Amino acid sequence: MQPLSNIDSLLHFSPEILLVIFAAAVIILDLVVKNRESIAVAHLALVGCLCTLAAVLFIHFTFGKEEPVSLFLGMIQLDVFSTFFKVLLLLATAATILFSLRSEELDAKLKGEYYALLLAITFGMFLMASSTNLLMIFIALETVSLTSYILAGFLTHSPRSSEAAFKYITYGAVASGTMLFGLSLLFGMAGTGDLTQIGGRITELLASGEVSSLTVLIAITFVLAGVGYKIASVPFHMWSPDVYEGAPIPITAFLSVASKSAGFALFIRFFYTGFGSTGLMQSVDWPFMLAIVSALTMTVGNFAALPQQNVKRLLAYSSIAHGGYLLMGGVLLTSEGVGAILFYLVVYLFMNLGAFYVVVLVANEMGSETIDGYRGLGSRAPLVAIAMVVFLASLTGLPPLAGFFGKWLLFTAVLEQGYYWLALVGLLNSVVSLYYYARIFRAMYFEDAGEETDSVSFSTSTFALLSVFVIPTIFIGFLNIFYTFSNISVSVIPMQ
Amino acid sequence: MLLSLMIFIPLLGMIAVLLLPRESEELIKRVTLLFTLIPLALAVFLFITYDRSTAGTQYVHGPVPWIDAFNIQYHIGIDGLSVTLLLLTALLGPICVIASWRNIEKGIKAYMALFLLLETGMLGFFAALDLFLFYVFFELTLLPMYFLIGIWGGPRREYAAIKFFLYTLFGSVLMLVAMIAVYLNSNIVNGVAEGLRTFDIPTLITLASTQGHALADSNFQMWVFVGFFIGFAVKVPIFPFHTWLPDAHVEAPTAISVILAGVLLKMGTYGLVRINMAMFPQGLDHFTNGIGFWGNSLALLGFINIVYGSFCALAQTDFKKLVAYSSIGHMGFVILGLAARNSEGITGAILQMFNHGVISAMLFLLVGVLYDRAHHREINGFGGLGTRMPVYTGITTLAFMASLGLPGLSGFVGEALSLIGAYGEFKWLTILSTIGIVVGAAYFLWTLQRVFLGNLNPKYEDLPEINGREILTLVPLAILTILLGVWPNLAIDMFRESVTNLTNLINGLAI
Chain A
1 MQPLSNIDSL LHFSPEILLV IFAAAVIILD LVVKNRESIA VAHLALVGCL CTLAAVLFIH
61 FTFGKEEPVS LFLGMIQLDV FSTFFKVLLL LATAATILFS LRSEELDAKL KGEYYALLLA
121 ITFGMFLMAS STNLLMIFIA LETVSLTSYI LAGFLTHSPR SSEAAFKYIT YGAVASGTML
181 FGLSLLFGMA GTGDLTQIGG RITELLASGE VSSLTVLIAI TFVLAGVGYK IASVPFHMWS
241 PDVYEGAPIP ITAFLSVASK SAGFALFIRF FYTGFGSTGL MQSVDWPFML AIVSALTMTV
301 GNFAALPQQN VKRLLAYSSI AHGGYLLMGG VLLTSEGVGA ILFYLVVYLF MNLGAFYVVV
361 LVANEMGSET IDGYRGLGSR APLVAIAMVV FLASLTGLPP LAGFFGKWLL FTAVLEQGYY
421 WLALVGLLNS VVSLYYYARI FRAMYFEDAG EETDSVSFST STFALLSVFV IPTIFIGFLN
481 IFYTFSNISV SVIPMQ
Chain B
497 MLLSLMIFIP LLGMIAVLLL PRESEELIKR VTLLFTLIPL ALAVFLFITY DRSTAGTQYV
557 HGPVPWIDAF NIQYHIGIDG LSVTLLLLTA LLGPICVIAS WRNIEKGIKA YMALFLLLET
617 GMLGFFAALD LFLFYVFFEL TLLPMYFLIG IWGGPRREYA AIKFFLYTLF GSVLMLVAMI
677 AVYLNSNIVN GVAEGLRTFD IPTLITLAST QGHALADSNF QMWVFVGFFI GFAVKVPIFP
737 FHTWLPDAHV EAPTAISVIL AGVLLKMGTY GLVRINMAMF PQGLDHFTNG IGFWGNSLAL
797 LGFINIVYGS FCALAQTDFK KLVAYSSIGH MGFVILGLAA RNSEGITGAI LQMFNHGVIS
857 AMLFLLVGVL YDRAHHREIN GFGGLGTRMP VYTGITTLAF MASLGLPGLS GFVGEALSLI
917 GAYGEFKWLT ILSTIGIVVG AAYFLWTLQR VFLGNLNPKY EDLPEINGRE ILTLVPLAIL
977 TILLGVWPNL AIDMFRESVT NLTNLINGLA I
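Chains as they are written, first to last, in this note's numbering: chain A, 1 to 496; chain B, 497 to 1007.
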């Protein structure tokens, strides 16, 4: 497969170009529109997402369906795998825009920048999902990181938000620096940044003894530090509770789903395309190391979530734990494992965004982000409370909800490779996680609302949006098509 | 098809109830009652038309492909054991709805909706022939139960609800590991993968006794046996996994206690028979062959349950807690009977499952009747009620006698058969287990004395007699107790062939 030249690549690159155009258009529209309360900006951003979605699908069915196409002289690759993530990311962005429209925390004056940045970060994530060159990987990662720092600190009146942004930058800078160092080591050894060639080159060098395996170990570990930071795996997770708590709720939702998904896309592509197909893996027991990281990540996430009072923070730790579950699929270096990751990401998108949407609604109506704010929600807003039960039960992994099917795939993949201890750790972690999710159930249903007992009414559009998350959370697991999707997407990644 | 209808009619009922306005409480109750009476009618139809002369599964629906990627199928059907427990579940459904008619004060709509969801879970569980489906139905009962205890329960309901939930989920994740292991090994013959993996329970049972098949490996069977066993043991509950039960029972509203004791505990023992014994006979052999400590472990657990449960019951002063601990004791006879692995023992165990479902349901209903009037359950706080409430006293005495194993009532037959079966295999354990019966008689008679005899506590001079609605819930159960006491074959005929089949399967393979 010959990489396309820069000019020839432009058409294939049209979804990304559209995103950038819309991001610019959002800023211009914001300048033109005088009314600060107008929602035109948000709607334009939403239209941008939909147009991009259409473009992604069009390009996919026209060019990328059969064979992967390498663009810009091998910098990025158009394939089923990247299309899968692009669709996923666009859904997350669109949902975040809709959440933001309903959220009352955001400063009306800054809305133009806000939506433009959301589109820009999506652009960066597109690149993360499709980069096949070390340099592009770094640029994509930095685009995403820089934009998310600003978005995390977007609540200008809130010290917590500023603190979140600052912590995010500090951690992020260290992680990016470490990663860049790792990338430069790899580049120095292999003499190329092309992921498809690096693995082979380094294997040769290792075989001839020109490079010691320790150097390779250090280089890859450093790169993983950067990736681990994006997916918030132990020990690079410390930033996420503070950032998730301080950031505006829609951004927290976005980071916990989209940022993690893009991180996993990068992780899978880097590890599998770059190194999976060579003998490099044999030098170090990577599956075992990743299994340890995965087990630690879910355990730390779940146990840290137990005492939390703030629901955003609780969901932040829960999302660290889910990063751990997802990593189980990555441990194995098998296509079943990666397929399970992709499936779980789809499920996770709906259930986690849904849970955050309820957090947005409760923050608006009750003015509280703590568990106490959920008291009596079961009688005050029954439908919203039922939706929350569905999301949290699915996050716990109770059948017949989608979360169970996702975990089922992950655990099956893990057990297939004989990692019984990892599956047991994962399953026992689900039991632990039930405890803190059930604290929200308890607040909603078992405790009295206190003085305020009036029922809270929501608009029809709120329920419509809520059902967009509830229905897939209940039914995805029953539908064969989603399993097929994730399997096809995996098929383009060369495996060992 | 008939069976699917039976399982999913309560689910339809749930949707119907959810669509009704919250204010029309009478209508909601009537609709719920209707949607539990239909499965009962279907169950009676099954009881009449069930072919007792064969051990094969009947009324099979499927296998219909469900999730192709994992060869998961929708496959249901019943054999003698399932039909017995389906009958029990379907019978207790409307009884519980009637029992909840007056004493659920808040959120009747949510209560009835959750109850109907629970019923679908239970019915589906007893009919599932696909391991995955089986697990889904098993877990489907958790969330409704959690909310039913947590919202409508007593003062410590939050604690009891989450304890129940965590314990059961802990058990079921271990079961999930074992289930995935079985699935992954289901196509490996002599170390080579052949064909598709499967969850189909009848197929798996055949494979597990096929020479050279990975599922037939004795060591493998031992480990998956343990995984499934812990999952079911929490549900039964078997010592030391029993501590959730007294809490859950004491806090749960009356009707939910009835379902807990009547049906949910049977899900555990049903699973033991359906999966552990039938699918892993060699695994079972490790724990029941009578050699060494592990060879007696299952019988030992049964023995501990009987004796420990009975002595704990003896020490209780809370009426409901007493009944809860007596449940632990009586479930011990089921375990002991199953551990014997012979046809008397297994027949006794299955009969005991059904009888305990009926008798403990009566006991909990009776406790509920008293609690609704006196608003406490302290056994020592009553006295002389026999003169105030003669009808209530009569029915309670019948239930007590049935539970303590008086010959002529149903409780006796199951326990006697279990003990007869066990005696041949574990002589001393069986002899020691009879202590449980003696203690059982002691605590029931002592309770009878403290509550109904002696001087009437002046506080309760105008305690109203049991009313018609309450009698309506108790009479069918009382009739069954007497009927099965004098004519146990009415029930045994249903599952005789299935038990023969199972014993052949187990002992044909055992060393």
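To be clear, the hints were calculated from the coordinates, so they are not data collected in a lab. These numbers come from a predicted model, not from an experiment. Backbone N, C-alpha and C fix where the C-beta goes; we use that ideal spot for every residue, glycine too. Any given hint might turn out to be false.
Said to hold, decoys possible - Distance condition first, Cα-Cα at most 20 Å in a straight line; then the derived EDC-like pairs of lysine to aspartate or glutamate:
#: 1; chain 1: B; residue 1: LYS602; chain 2: B; residue 2: GLU690
#: 2; chain 1: B; residue 1: LYS602; chain 2: A; residue 2: ASP454
#: 3; chain 1: B; residue 1: LYS605; chain 2: A; residue 2: ASP448
#: 4; chain 1: B; residue 1: LYS605; chain 2: A; residue 2: ASP454
#: 5; chain 1: B; residue 1: LYS602; chain 2: B; residue 2: ASP713
#: 6; chain 1: B; residue 1: LYS602; chain 2: A; residue 2: ASP285
#: 7; chain 1: B; residue 1: LYS602; chain 2: B; residue 2: GLU654
#: 8; chain 1: B; residue 1: LYS605; chain 2: B; residue 2: ASP713
#: 9; chain 1: B; residue 1: LYS659; chain 2: A; residue 2: ASP454
#: 10; chain 1: B; residue 1: LYS605; chain 2: A; residue 2: GLU447
#: 11; chain 1: B; residue 1: LYS602; chain 2: A; residue 2: GLU447
#: 12; chain 1: B; residue 1: LYS605; chain 2: B; residue 2: GLU521
#: 13; chain 1: B; residue 1: LYS602; chain 2: B; residue 2: GLU522
Stated by the list, open to error - Looking from chain B toward chain A, a few residues come up when the C-beta cut is under 7 Å (computed):
#: 14; residue: VAL632
#: 15; residue: ILE647
#: 16; residue: GLY650
#: 17; residue: ILE658
#: 18; residue: PHE666
#: 19; residue: VAL673
#: 20; residue: GLU921
Right, here's what the structure says about each hint:
1. B:LYS602 with B:GLU690: Outside the cut-off at roughly 56 Å; violated.
2. B:LYS602 with A:ASP454: 16 Å, holds
3. B:LYS605 with A:ASP448: 18 Å, holds
4. B:LYS605 with A:ASP454: OK: LYS605 (chain B) and ASP454 (chain A) at ~19 Å, within 20 Å.
5. B:LYS602 with B:ASP713: At roughly 54 Å apart (the allowed maximum being 20 Å), ASP713 (chain B) and LYS602 (chain B) break the hint.
6. B:LYS602 with A:ASP285: 58 Å, violated
7. B:LYS602 with B:GLU654: This hinted pair holds, its Cα atoms lying about 17 Å apart.
8. B:LYS605 with B:ASP713: Since the Cα atoms of LYS605 (chain B) and ASP713 (chain B) sit roughly 50 Å apart, the hinted pair is violated (cutoff 20 Å).
9. B:LYS659 with A:ASP454: Measuring from Cα to Cα gives roughly 31 Å; hence the hint is violated.
10. B:LYS605 with A:GLU447: 18 Å, holds
11. B:LYS602 with A:GLU447: With a Cα-Cα distance of about 13 Å, the restraint between LYS602 (chain B) and GLU447 (chain A) holds, given a limit of 20 Å.
12. B:LYS605 with B:GLU521: 7 Å, holds
13. B:LYS602 with B:GLU522: Holds, at roughly 13 Å.
14. VAL632: 4 Å, holds
15. ILE647: 5 Å, holds
16. GLY650: Cβ of GLY650 (chain B) sits 12 Å from chain A, so the hint is violated.
17. ILE658: Nearest chain A Cβ about 5 Å off; hint holds.
18. PHE666: 5 Å, holds
19. VAL673: Since chain A brings a Cβ to about 6 Å from VAL673 (chain B), closer than 7 Å, the hint holds.
20. GLU921: Where the cut-off is 7 Å and the nearest Cβ of chain A is about 33 Å from GLU921 (chain B), the hint is violated.
Hints 1, 5, 6, 8, 9, 16, 20 from the earlier list are contradicted by this structure; the remaining hints agree with it.
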